[in-house]
Amino acid sequence: MKRKIKNLPKIIWKSGILSWILLLVIWTVAASFQSPDFLPGPKATLAGLKEIIASGVLWQDIRISIWRVVNGWLRGLLIGIPLGLLIGRYKVARELMEPILNFFRFVPSIGFLTLFLMWFGVGEESKLALIMYASVFPVIINTAAGVQRIDPVKYQASESLGANRFWSFITVTIPASVPGIFTGVRLGLSASIISIVGAEMLAASDGVGYLIYTSKLYFRTDWIFVGIVTLGTLGFLADRGLRFFASKALKHYGAV
Amino acid sequence: MGKCKIETRDLYKSYAKCGENILSNINIRITEGEFHIFLGASGCGKTTLLNIIAGFLKPSAGEILVDGDPVTGPGADRGVVFQNADQALFPWLNVQRNVEYGLRMQGQNRKERAKTALRSIEMVGLGGHEKKCPDELSGGMKQRVQIARSLAADPNVLIMDEPFGALDPETRRGLQDELIRIWRKTGKTILFVTHDISEAVYLGQKISIFSSSPDSQIAEEVEVPFSYPRDLEDPDLVDFTRGVQWKLERAVHLNHPAQHRGPVAEHKHDKIIDMAV
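Protein chains in written order, with our numbering: chain A, 1 to 256; chain B, 1001 to 1277.
Since the hints were derived computationally from the structure, they do not count as laboratory data. Please note that the accuracy of each hint is not assured.
[Stated by the list, open to error] Pulled a few chain B residues facing chain A out of the computed Cβ check, cut under 8 angstroms:
| no. | residue |
| --- | --- |
| 1 | Gly1075 |
| 2 | Gly1079 |
| 3 | Val1080 |
| 4 | Asn1084 |
| 5 | Pro1091 |
| 6 | Gly1174 |
| 7 | Gln1176 |
| 8 | Ile1180 |
[Stated by the list, open to error] Simulated crosslink set (BS3-like; lysine-lysine; CA at most 27 angstroms straight-line):
| no. | chain 1 | residue 1 | chain 2 | residue 2 |
| --- | --- | --- | --- | --- |
| 9 | B | Lys1115 | B | Lys1132 |
| 10 | A | Lys216 | A | Lys50 |
| 11 | B | Lys1003 | B | Lys1206 |
| 12 | B | Lys1132 | A | Lys248 |
| 13 | B | Lys1003 | A | Lys251 |
| 14 | A | Lys248 | B | Lys1131 |
| 15 | B | Lys1003 | B | Lys1058 |
| 16 | A | Lys43 | A | Lys248 |
| 17 | B | Lys1058 | B | Lys1206 |
| 18 | B | Lys1185 | B | Lys1115 |
| 19 | B | Lys1131 | B | Lys1111 |
| 20 | B | Lys1206 | B | Lys1185 |
| 21 | B | Lys1115 | B | Lys1131 |
| 22 | A | Lys251 | B | Lys1132 |
| 23 | B | Lys1058 | A | Lys91 |
All figures in this text were calculated on a predicted structure; none of them were measured in a lab. Cβ coordinates follow ideal geometry from the N, Cα and C atoms, glycine included.
Can you build the whole structure from these sequences, using the hints too?
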């Protein structure tokens, strides 16, 4: 028991809870100088939160946003990981794709908003395309970087054990690039969450991004804060979840 | 004389097109079943020659034949045990799967694979560890996994690049003894690179002594006329080792006369070498 108490400061420090307390303090202090319509403090935000939860809108919005993020993100992975593997492994693919990648990765997804609406309609497809677009670049780039970090000795080992090029790709390139792929998966997810606001701002009637956007129309600054806190929390939890998964399932791949 | 296993003919290697040669005029013949050592100072090109024989590098000129056939690339007939097990093993596979890798590439089924793999794991003394992953093993155990992995694929030649260089002396001695035992049991041709003279004379039947690069050559080939197991304390072997050491020193200075330690020292060396050999 005594030992536990002795370790308590360390546990608190490691849990990261102090960062949250610090953030709350700064937020409270800053808000106390302003009117709650301009900058609502934690208390006002909490009141707003209760209000939207009670109306049932928030859960609806969260659910639809999560669905969109996960859907668009998975599509990004489906395209990004194989492309990244090829670009990382084969010089031809790299030289062909690199200029294109380095052009489009500087065009933010929001720049395509109107185009995607025109091409894919106002339904779900345009939003998913936007999220996919946002997530695919970090996935490609980090996967390719992960492939290029593979120690050439691994290939030598596999080839001197009888693997041909195809099998060394399957049995060395893919598993050995898991750390890079995983970084891409994480950054792709955060890019997806970031892009959801843009996707839901113009062409949606629900979702957390829509909540943030429309709250402005009602002068409900506290609801905007609820939306911001929700997105941050979702992202934080999702990243934690991914890292937890990796620490269990991908331990021997050196992903975490 | 047994059958010739590995042969190089007038082999040259330089990395740049017009650069100086790393290896120059290499002619070796390694007999089947021989335990052959490449001995040389660091950076003398012995690992380069090893990589050429393994098929990872192409010679700039000359021929390399294994079993009479020219080497065109890496292949399962030449198993390689790398210097750094962390680089060479597949950390996402457990010990058994690592050892099975070569058999999987040969298309063997799961059952056959497991049987052969377990036999190799047993042979290197890792029985009971087959379900562990490489990151749970010590450095010496990882090298044992590498040896088991190469043996399981049943290569004709086992190529080893300073495999015990990073191990503590005790582990190293244990693995050297183990390697001799495995070599005598399997009758494989072993090609072993080292810069450690006592390791060379403890293990090898023949020692190729490399001069320094550039233009590294095999300055001398020495036969080790001692039976196994050897005792490094044996006065005859101590004398022999000293002789090899002088030969190595002479070889290192072969291409760099400016670094000679003076005529007196060299004269002395020659005399004692004659006594020793």
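Checked hints:
This hint holds: Gly1075 (chain B) has a C-beta 7 angstroms from the nearest C-beta of chain A, less than the 8 angstroms allowed. Contact between Gly1079 (chain B) and chain A, as hinted, is supported at the beta carbon level, the nearest pair being about 6 angstroms apart and thus within 8 angstroms. The interface hint given for Val1080 (chain B) holds, since its Cβ lies 4 angstroms from the closest Cβ of chain A, which is under the 8 angstroms cut-off. Hint on Asn1084 (chain B) holds. Least Cβ distance to chain A is approximately 7 angstroms, under the 8 angstroms limit.
The beta carbon of Pro1091 (chain B) comes within 5 angstroms of a beta carbon in chain A, closer than 8 angstroms, and the hint placing it at the interface holds. Annotation: Gly1174 (chain B) was flagged as interfacial toward chain A, and the flag is violated, the nearest CB pair being 23 angstroms apart, outside 8 angstroms. Contact between Gln1176 (chain B) and chain A, as hinted, is not supported at the beta carbon level, the nearest pair being about 22 angstroms apart and thus beyond 8 angstroms. The closest approach between the C-beta of Ile1180 (chain B) and any C-beta of chain A is roughly 23 angstroms, which is over the 8 angstroms cut-off, so the hint fails.
The hinted pair formed by Lys1115 (chain B) and Lys1132 (chain B) meets the criterion: a straight-line CA distance of about 17 angstroms does not exceed 27 angstroms. For the given pair, Lys216 (chain A) sits about 18 angstroms from Lys50 (chain A) by alpha-carbon distance, which is consistent with the 27 angstroms threshold. Between Lys1003 (chain B) and Lys1206 (chain B) the CA atoms are separated by roughly 15 angstroms; this keeps the pair inside 27 angstroms, and the hint holds. Only pairs whose Cα atoms come within 27 angstroms are accepted, and Lys1132 (chain B) paired with Lys248 (chain A) is accepted, the gap being roughly 16 angstroms.
A distance of roughly 47 angstroms separates the Cα atoms of Lys1003 (chain B) and Lys251 (chain A); the hinted pair therefore is violated under the 27 angstroms criterion. Annotation: proposed proximity of Lys248 (chain A) to Lys1131 (chain B) holds, straight-line Cα distance about 17 angstroms (limit 27 angstroms). A C-alpha spacing of about 24 angstroms is found between Lys1003 (chain B) and Lys1058 (chain B), which places the hinted pair at or below 27 angstroms, so the restraint holds. The hinted pair formed by Lys43 (chain A) and Lys248 (chain A) fails the criterion: a straight-line CA distance of about 38 angstroms is larger than 27 angstroms.
Restraint check for Lys1058 (chain B) and Lys1206 (chain B): satisfied, since their Cα atoms lie roughly 25 angstroms apart, inside the 27 angstroms limit. Proposed proximity of Lys1185 (chain B) and Lys1115 (chain B) is supported: the alpha carbons are some 18 angstroms apart, at most 27 angstroms. About 16 angstroms separates the Cα atoms of Lys1131 (chain B) and Lys1111 (chain B), which keeps this hinted pair within 27 angstroms; it holds. As the CA atoms of Lys1206 (chain B) and Lys1185 (chain B) are separated by approximately 19 angstroms, the hinted pair is consistent with the 27 angstroms bound.
A threshold of 27 angstroms between alpha carbons decides the hint, and for Lys1115 (chain B) with Lys1131 (chain B) the separation of about 14 angstroms falls inside it, so the pair holds. The hinted pair formed by Lys251 (chain A) and Lys1132 (chain B) meets the criterion: a straight-line CA distance of about 13 angstroms does not exceed 27 angstroms. The hinted pair formed by Lys1058 (chain B) and Lys91 (chain A) meets the criterion: a straight-line CA distance of about 20 angstroms does not exceed 27 angstroms.
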